[in-house]
Structures are given as C-alpha cells and as structure tokens.
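**Student:** Once you've looked at the hints, dock chain B against the given chain A.
Protein chains: 2
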Amino acid sequence: MANDFTSSPLFERVERARRRKRKLKETHITLAHGSGGRAMRELIEGVFLEYFRNPLLEQLEDQAVFEVGQTSGANSTRLAFTTDSYVVDPIFFPGGDIGYLAVNGTVNDLAMSGARPLYLSAGFIIEEGFPIDDLKRILESMRAATQEAGVEIVTGDTKIVQKGSADKIFINTSGIGIIESGSRISAARAEIGDQIIVSGAIGDHGTTVMIARGELELETEIQSDTAPLNSLVNEMLDEAARIATVDAIHCLRDPTRGGVATTLNEIALSSDVYVQIYEERIPVREEVKGACEILGLDPLYVANEGRLIAVVAADVAQAIVERMKSHKYGQDACIIGEVKAEPKGIVAMQTGFGGTRIVDLLMGEQLPRIC
Amino acid sequence: MANDFTSSPLFERVERARRRKRKLKETHITLAHGSGGRAMRELIEGVFLEYFRNPLLEQLEDQAVFEVGQTSGANSTRLAFTTDSYVVDPIFFPGGDIGYLAVNGTVNDLAMSGARPLYLSAGFIIEEGFPIDDLKRILESMRAATQEAGVEIVTGDTKIVQKGSADKIFINTSGIGIIESGSRISAARAEIGDQIIVSGAIGDHGTTVMIARGELELETEIQSDTAPLNSLVNEMLDEAARIATVDAIHCLRDPTRGGVATTLNEIALSSDVYVQIYEERIPVREEVKGACEILGLDPLYVANEGRLIAVVAADVAQAIVERMKSHKYGQDACIIGEVKAEPKGIVAMQTGFGGTRIVDLLMGEQLPRIC
Chain A
283 MANDFTSSPL FERVERARRR KRKLKETHIT LAHGSGGRAM RELIEGVFLE
333 YFRNPLLEQL EDQAVFEVGQ TSGANSTRLA FTTDSYVVDP IFFPGGDIGY
383 LAVNGTVNDL AMSGARPLYL SAGFIIEEGF PIDDLKRILE SMRAATQEAG
433 VEIVTGDTKI VQKGSADKIF INTSGIGIIE SGSRISAARA EIGDQIIVSG
483 AIGDHGTTVM IARGELELET EIQSDTAPLN SLVNEMLDEA ARIATVDAIH
533 CLRDPTRGGV ATTLNEIALS SDVYVQIYEE RIPVREEVKG ACEILGLDPL
583 YVANEGRLIA VVAADVAQAI VERMKSHKYG QDACIIGEVK AEPKGIVAMQ
633 TGFGGTRIVD LLMGEQLPRI C
Chain B
283 MANDFTSSPL FERVERARRR KRKLKETHIT LAHGSGGRAM RELIEGVFLE
333 YFRNPLLEQL EDQAVFEVGQ TSGANSTRLA FTTDSYVVDP IFFPGGDIGY
383 LAVNGTVNDL AMSGARPLYL SAGFIIEEGF PIDDLKRILE SMRAATQEAG
433 VEIVTGDTKI VQKGSADKIF INTSGIGIIE SGSRISAARA EIGDQIIVSG
483 AIGDHGTTVM IARGELELET EIQSDTAPLN SLVNEMLDEA ARIATVDAIH
533 CLRDPTRGGV ATTLNEIALS SDVYVQIYEE RIPVREEVKG ACEILGLDPL
583 YVANEGRLIA VVAADVAQAI VERMKSHKYG QDACIIGEVK AEPKGIVAMQ
633 TGFGGTRIVD LLMGEQLPRI C
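These protein sequences, in sequence, are chains A and B. Heads up, the first sequence is in the numbering used here, so the first residue is 283 and it goes up one at a time. Heads up, the second sequence is in the numbering used here, so the first residue is 283 and it goes up one at a time.
So here's chain A without its partners, still in its complex pose (with noise of 0.2 Å):
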C-alpha cells in the first residue's frame, strides 16, 4: 500500500516542490515568516544563509557544536551553543511563563545536541510602564527553572524602550554545554529502518497560550507541558550505551514553533529519508484534540515546550521508551513511526481510516507569539 502512495502524481510533484532551492518572494515580514513553517525556512535559506553561510550554520541544527582548547584530539572540549528569543503572549499562562520557557527552550536546545548545559545568557527588552512585580515573578520562574535544570545564568543585558516600543517584554537567553557522551546527534543521522519516538501527548503547549489569550473564553484544564529535558535525555543516553552505544540515538529535536509535524519534516530533508508517522499511535489529550478543532489547529503543527521527538536504532527503541517512561517528563513515551527509504524528503501519516496524508510544512502562519 506504501508504494501505491509513493508513485502517486501527487507525491512527485511534491517532491520536485521540495528540491527547489528556496528562495523569498515577498518584499515584507509577515507573521508567516515566524510560523515554522514553509515561509520560515524561505527566509532562513533564502536570505539568512546568503549572508551568514559557514559550515555550522548551515547545518540548519537548533544549535551549533564545536570544539575548543587544544585543536582537536583527546584534550578538545566539544561545546553546544544556542540561542532563542522569546515573545510569547500572553507572558503569563497555565502552566508556565515567559521566564520558564526562556530557561528551559534554551537549556532543551542545548540537551538536543546531547550536551550538558551549563551556562545561560539572558537578555531582556523591557517597555517601559512594565510593573517591577511582573518583573520579579518573571525572575522567580527563571531562577526556579533554571535550578531545575541545573544551570547558571551567568551574564545578562537589560534594554529599556518606549512604552508602545515592545509588547511588555522579550527575553533572550542563548547558552553554552559540553558534549560528553560521544554522542553525534544530528537531524541528518536519521537511517532506514530506525523508529521514531516521541516523548508525550503533544500540542499541549501551544494549544494552553492560544486559550489563554481569551479570544474564544473556553475553559478548559490544558497546561504548558513546558520542562527541561536535559535530564531526560541523560537517561536516554545512558541507556543507549547501556545496551549497544550512545551513537544508537540518531536524532534528537524538541518540536517547538511548527510542531511535530514540522520537526519530523526538517529531519526527513536533512536525512533525505522517508518518514512514516501512525496516526493513532500519536498521544494527544483528548482536551487538547478538543480545543484544536475549536481552534481550528492541527495538533501536529502545534507547539511543545517540554516533548521531545528521538530517532533511534530499531535494536535500542523500545528500551529507551521503557527508561523513558520512568522518567517525570517521559512518561507518556512511545513510538510513533519509522524511518524508510522513499519517498525521500517526505513525512506521511497513516490515519485512523487506513488512508495515508502528506504530512507537509506548514503553509501561512499559524500561531504567532507562541513562544
């Protein structure tokens, strides 16, 4: 039934849309360009990339890995460098704020490489009129979250502007860890036959700041998942080397702006495999299913901010997924697909029904601000 799909019109033209270079049509920003989607990349490759190109950079990785100290060899230290700026509105939200996601997005960014972060930035641009009260409880989730974490924040910048400047404030924290493991985790290491796990019921963020803007007073007991995952992954890790090597976790992605859907997509560009996704093997609360179609979402496209999506060797998955499970932030962690051959460059879910979907980049924008 898989290769009925697979050579379809529709899946070549698909494909042919996807070799194309990528390049910018429209002469302003639009929220779109902020999506995770479609245009998103446009902008990166079409125009970041042009200036900035260097090998670290265009690996398209959410952070870069590099050694330092004596050139290479047994006394380099391979270090994991981020960065995120964070714009979420509203700044408070069940489950989570700005300050807690600021922490923990950077600190995830730096676990998906397999480093151990250490040390954060963090910047802030503040309007003015912003209550010192709101202020200091930002402070207070930071610093909880980043004592979770186990990390410092170790240097900071404050920017005041104009009331009407900024929308109340931004954070940006970027940060440093130390690969230690060996590991060599990259979204272009995805290989025939590996699975695909994800680590709990997605959508959960994404879909809590939509409902906390009150556009639409529904009430529901949806939360943030937003956590940091860097212990999670350590598990993950020790439990790869326990039974074969740590070089058995491939991938590694934590499926913010654009969601599942989005990550599965890069990983299958950079890999140039085919990704396959089971749709009712896929956790989503039923809340969260609810509220999405009230919402008009699709939970695969929806931001998470404390789930993150590992592909790894067939031989070690299903033991990763039950070290998972023991762990606060994995406990709902399962296999959701598997990595094949053809059609390369292509994420497809099977659904409910039997049929198969194109589960492609995001077109337009979807949720802006969302984190």
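Any given hint could turn out to be false.
[As the list claims (entries may be wrong)] In silico DSS-like links for lysine-lysine, alpha-carbon gap of 30 Å or less:
| no. | chain 1 | residue 1 | chain 2 | residue 2 |
| --- | --- | --- | --- | --- |
| 1 | A | 607 | A | 622 |
| 2 | A | 571 | A | 610 |
| 3 | B | 418 | B | 610 |
| 4 | A | 626 | A | 307 |
| 5 | B | 450 | A | 305 |
| 6 | B | 607 | A | 307 |
| 7 | A | 450 | B | 445 |
| 8 | A | 305 | B | 418 |
| 9 | B | 571 | B | 607 |
| 10 | A | 622 | A | 305 |
| 11 | A | 418 | B | 445 |
| 12 | B | 418 | B | 450 |
| 13 | B | 622 | A | 445 |
| 14 | B | 307 | A | 418 |
| 15 | A | 450 | A | 418 |
| 16 | A | 445 | B | 307 |
| 17 | B | 626 | B | 305 |
| 18 | A | 450 | B | 571 |
| 19 | B | 305 | B | 622 |
| 20 | B | 305 | A | 450 |
| 21 | B | 445 | A | 305 |
| 22 | B | 418 | A | 445 |
| 23 | A | 418 | A | 610 |
| 24 | B | 418 | A | 307 |
| 25 | A | 307 | B | 445 |
| 26 | A | 607 | A | 571 |
[Said to hold, decoys possible] A short, non-exhaustive set of chain A residues, derived as facing chain B with CB atoms under 8 Å:
| no. | residue |
| --- | --- |
| 27 | 313 |
| 28 | 334 |
| 29 | 367 |
| 30 | 401 |
| 31 | 437 |
| 32 | 439 |
| 33 | 456 |
| 34 | 516 |
| 35 | 526 |
| 36 | 529 |
| 37 | 576 |
| 38 | 577 |
These aren't lab readings, by the way, just hints derived from the structure by calculation. For every residue, glycine included, the Cβ atom is placed at its ideal position computed from N, Cα and C.
**Tutor:** Below, chain B alone, put in the same frame as chain A:
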C-alpha cells in the same frame, strides 16, 4: 589641593550614599532603568541579582569568564561568554546601523576580557511589515562586521511579532571567546598608580544617533565610532607582554551606555579606588562638543561603540599608548587620568579652570535606545 577636595563634607556624603545597599523604589520600569546610570544599577543589583545570584554574575563584568574541559589545570580552556540586545533607534545612522552595532558590541564585550572572539549567535525580533530590503542591508552589515572581526555567526533565531508589538527590529547577539593569553582583566583590578587610557575621541556614537533622530535638524559630519576592537586589544596585550607581562593590563571596558563616566565609576566601585581624570586631556571632537551643548548632553556620559578604556600599570602605559596609536582604532589614544587611593569608589575630574568636580553615576535617563 586634592586633599582639600577629598576631605570636604560633600565628598563624605557622596561616599556614604555609595555604600548604601541599592534598593529599587519604583513600582514600574522607566527609561532610566536602561540608561546605564544609577537607576539601572539599582535594577540590576536590587532585582536581577536577588534572583540570579551566583559568583560569575555577581562580578558585574560585561562578560562571564569560566573554564571548561579538564577541570582547571593545564588542559582546561578559559572561555568568555556575553550577551547584548540592540534596540537602537534609528536603525540606520551615519557610520553604521543596528547590524554593525550588534556584531561589534558583542565582539568588544568579549575582547574586553582579553578573549579572542570565536562564535556569535544572532536572535532577531522583527515587526510584521518590516521591509526585507532593510533586513538584507542589516545582514550585509553584520556579515561585513563579522568578517572584519574574524568571527562567525553559528546559530540563530527569528521571531516575528505583530505590527505595533515591536519597533521595526531588535537584535540580540551572544558571543563566545577564548582567553589564551593568561590575562586576568577585570574591573576590580585597578591599582593605585595605574594610568587610565582612552582609545580615541569620545561621544561620537551617541551624539550621531541623537542627531539622526532628526528632532533637532542639526547637520554635522559626526559619525558613529562603531568598530570591532579585538585586534586593538590584541596589540595592547602583545605590547604589555613584550615589555613586561600581559598582567600589566588591569581593566578593559568599552564605554557604551552611560559613556566614559559610567565606566570609570564601575571601575572605581569594583576596585574600591579613586579615579582622577583631567578634562583637558579627554579627546572630544569640536563637532561633538557643539552638538552635545545644543542637545544638553555631557560627552562624558554619551555612549561610544568603538572606544575602550584601559587601566594599566604606570610603567607600561606610555608604551601601550604608542602601540595603540599605530592601530586604525587607536590613533587618538591618550592617558586621561590615574588611579589613586582615596576617596574610594569615587571618580572626579580636574576641570579646565583648575577646579575638581565629582563625576557621578548618571541620575535619571539620558539617552534611550542609543544601542
């Protein structure tokens, strides 16, 4: 004469005020909290440090310095890490733009620790509707600046916010550098007898940006001094090592927000020394002097983006100045003052008329969004 001055009741009052624990009295953020002056220090010491207290952050340097790899000893690597957000208004101005500032500012914060800047991150917050041609112009500036400084942008992030939620474009850059020289530069290392060097004429950047806002319809030839100072610092370290030891360079700071006055106050406070400067020795362009008079600004408090203040051992000072003069960005380098013992934590300037006035931390706001 200095003795008469320092035993005056005014002096004692200032000193007493200095020693008081800084506490924030305001309930809402004001522009003064971003000025680089007293209000900003109160925000940082009274709020941020309360939540993020740790030995690296408490040093209040412009960058954190730490070791990674083999725990301290011959095989460990000393790194510097820094962050800055750029919110300058207007984004384009004579002599530079927000892109140049964003790269040069972070390169300079690294260089001021004696580090060789290696890698930068770039986080963009862009307002919906921003012209992509303007973005390209900024990216071209960043590319040119990274090439001149010999650094690479290796990781990035882009967030788009709705029209009206940010003013055009804000850029955060964080940077990592490696300290290879064994220098131990710190604002806390000024010693009695040290000479104070400035690398060139002061006030150009801040004055240029104020004029570029067009509120005064002033026409001048003044340009921003934005420049990467890492190669100048290299030459200074090299000269110090040649005639004595790199350790002869005690403090290095780039006098950005709050200008030379603020930087000298930070050094006086951190090192617990008295800093005396001489008005007639401080290089200020005639045009900058004139524009500052019209704008009601004191050049001592105006931001620079391509200048440095160095506090160095007296026996190497003149040689370092000579070496600086042979460098493109140090042609007007000169000694503007010296470090004395008492009254501790104070900066004062001997004026052209022979009097002495205290150069205090800036009260209130001076120049919002100058960098």
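**Student:** None of the hints should be skipped; say for each whether it holds.
**Tutor:** Right, here's what the structure says about each hint:
{"no.": "1", "hint": "A:607 / A:622", "result": "holds (26 Å)"}
{"no.": "2", "hint": "A:571 / A:610", "result": "holds (23 Å)"}
{"no.": "3", "hint": "B:418 / B:610", "result": "holds (28 Å)"}
{"no.": "4", "hint": "A:626 / A:307", "result": "holds (26 Å)"}
{"no.": "5", "hint": "B:450 / A:305", "result": "holds (23 Å)"}
{"no.": "6", "hint": "B:607 / A:307", "result": "violated (48 Å)"}
{"no.": "7", "hint": "A:450 / B:445", "result": "holds (14 Å)"}
{"no.": "8", "hint": "A:305 / B:418", "result": "holds (14 Å)"}
{"no.": "9", "hint": "B:571 / B:607", "result": "holds (23 Å)"}
{"no.": "10", "hint": "A:622 / A:305", "result": "holds (29 Å)"}
{"no.": "11", "hint": "A:418 / B:445", "result": "holds (28 Å)"}
{"no.": "12", "hint": "B:418 / B:450", "result": "holds (14 Å)"}
{"no.": "13", "hint": "B:622 / A:445", "result": "violated (43 Å)"}
{"no.": "14", "hint": "B:307 / A:418", "result": "holds (14 Å)"}
{"no.": "15", "hint": "A:450 / A:418", "result": "holds (14 Å)"}
{"no.": "16", "hint": "A:445 / B:307", "result": "holds (20 Å)"}
{"no.": "17", "hint": "B:626 / B:305", "result": "holds (21 Å)"}
{"no.": "18", "hint": "A:450 / B:571", "result": "violated (36 Å)"}
{"no.": "19", "hint": "B:305 / B:622", "result": "holds (29 Å)"}
{"no.": "20", "hint": "B:305 / A:450", "result": "holds (23 Å)"}
{"no.": "21", "hint": "B:445 / A:305", "result": "holds (24 Å)"}
{"no.": "22", "hint": "B:418 / A:445", "result": "holds (28 Å)"}
{"no.": "23", "hint": "A:418 / A:610", "result": "holds (28 Å)"}
{"no.": "24", "hint": "B:418 / A:307", "result": "holds (14 Å)"}
{"no.": "25", "hint": "A:307 / B:445", "result": "holds (20 Å)"}
{"no.": "26", "hint": "A:607 / A:571", "result": "holds (23 Å)"}
{"no.": "27", "hint": "313", "result": "holds (5 Å)"}
{"no.": "28", "hint": "334", "result": "holds (5 Å)"}
{"no.": "29", "hint": "367", "result": "holds (4 Å)"}
{"no.": "30", "hint": "401", "result": "holds (6 Å)"}
{"no.": "31", "hint": "437", "result": "holds (4 Å)"}
{"no.": "32", "hint": "439", "result": "holds (5 Å)"}
{"no.": "33", "hint": "456", "result": "holds (4 Å)"}
{"no.": "34", "hint": "516", "result": "violated (18 Å)"}
{"no.": "35", "hint": "526", "result": "violated (27 Å)"}
{"no.": "36", "hint": "529", "result": "violated (22 Å)"}
{"no.": "37", "hint": "576", "result": "violated (22 Å)"}
{"no.": "38", "hint": "577", "result": "violated (18 Å)"}
Checked against the numbered hints given earlier, the structure breaks hints 6, 13, 18, 34, 35, 36, 37 and 38 and satisfies all the rest.
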